[in-house]
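Undergrad: Listed below are the residues making up each chain.
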Amino acid sequence: MELDSQQNGPLQIVRVNSARIDAAVAIEFKDAMRQVTDTGSPTVILDLSTVEFIDSSGLGAIVASMKHMGQERSLVLAGLTPTVDKVFRLTRMDSVFGVFPTLETALDVHAA
Amino acid sequence: MQSPLKVSDVQISITSGEFAVREALAALLEALTPLELDVEETGTIELVLAEAMNNIVEHAYPPEDVPGPINVKCSRQADGLRFQIKDCGRPMPDGVTPIGLPVDLDVEFSDLPEGGFGWFLIKDLAKDVVYRRVDDANQLTFRLALAG
Chain E
705 MELDSQQNGP LQIVRVNSAR IDAAVAIEFK DAMRQVTDTG SPTVILDLST VEFIDSSGLG
765 AIVASMKHMG QERSLVLAGL TPTVDKVFRL TRMDSVFGVF PTLETALDVH AA
Chain F
624 MQSPLKVSDV QISITSGEFA VREALAALLE ALTPLELDVE ETGTIELVLA EAMNNIVEHA
684 YPPEDVPGPI NVKCSRQADG LRFQIKDCGR PMPDGVTPIG LPVDLDVEFS DLPEGGFGWF
744 LIKDLAKDVV YRRVDDANQL TFRLALAG
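Which chain is which? The protein sequence lines are E and F, in order. Here my numbering is used: the first residue of the first sequence is 705, the next is one more, and so on. Here my numbering is used: the first residue of the second sequence is 624, the next is one more, and so on.
Next up, chain E with everything else stripped away, as it sits in the complex (with noise of 0.2 Å):
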């Protein structure tokens, strides 16, 4: 699983390279996460509008992410496609998480 990161002051960008965050690689997904966030931005956007498809699994391996950062530091969703939207809202997981339907949206909040 490939991740590109970015950084951006205090902001890292995150970006999946990937069109599926489903159960075949979710443990692989939670294990770049891992790696590449190690960096200790507070804030982490993660990019996922080339992400089509996530199942439970995948659900869980991005609150894996989340709880692996910390609760001090923030994980920021950004450009939801809408199955991925779908899973967030029904799960009410997008309670947990901030929810932006852009990266663009993402970046003018946080970067004030």
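Read the hints as simulated data drawn from the structure, not as lab findings. All C-beta atoms, glycine included, are put in the ideal place defined by N, C-alpha and C.
Below are the DSSO-like pairs computed for lysine-lysine, each with C-alpha atoms no more than 27 Å apart in a straight line:
{"no.": "1", "chain 1": "F", "residue 1": "K696", "chain 2": "E", "residue 2": "K790"}
{"no.": "2", "chain 1": "F", "residue 1": "K709", "chain 2": "F", "residue 2": "K750"}
{"no.": "3", "chain 1": "E", "residue 1": "K771", "chain 2": "E", "residue 2": "K790"}
{"no.": "4", "chain 1": "F", "residue 1": "K746", "chain 2": "E", "residue 2": "K790"}
{"no.": "5", "chain 1": "F", "residue 1": "K696", "chain 2": "F", "residue 2": "K750"}
{"no.": "6", "chain 1": "F", "residue 1": "K746", "chain 2": "F", "residue 2": "K696"}
{"no.": "7", "chain 1": "F", "residue 1": "K709", "chain 2": "F", "residue 2": "K696"}
{"no.": "8", "chain 1": "E", "residue 1": "K790", "chain 2": "F", "residue 2": "K750"}
{"no.": "9", "chain 1": "F", "residue 1": "K709", "chain 2": "F", "residue 2": "K746"}
Coverage of chain E stretches by chain F, computed from C-beta distances (three or more under 8 Å per stretch; other residues unrestricted):
{"no.": "10", "segment": "722-730"}
{"no.": "11", "segment": "758-766"}
{"no.": "12", "segment": "778-792"}
For this one, chain E is given, so just place chain F on it according to the hints.
TA: Chain F in isolation, oriented as in the chain E frame:
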């Protein structure tokens, strides 16, 4: 509006394994393209089928067991798409599916759930969910309503 396009009964057979669910989902969605489903319907179908088959790969055929067949049947009915998923793996504990309650989010940060979403999603999105153990096989049936 009823789609004028017909799709005959779809049957997909795969062997349980790491990427089996992806393969089955791709084949199923490909077979359903004549129905011209919208992104919402396609997402629901893919999600419910993924959760149901992930459970089979994880629990009916756990890694220490020999992988076995998973058969998916889908037929178009007046009230939506009816699915049957069969496998020859281990039965559901106690012979019933989990209830599938929503996860509890009113918890400490460190206790936020990393699992337990699957059956909730299935039961929330699918109708008439029935599990039966028939002749050493697991049989899960459910219906997904289509809009319009």
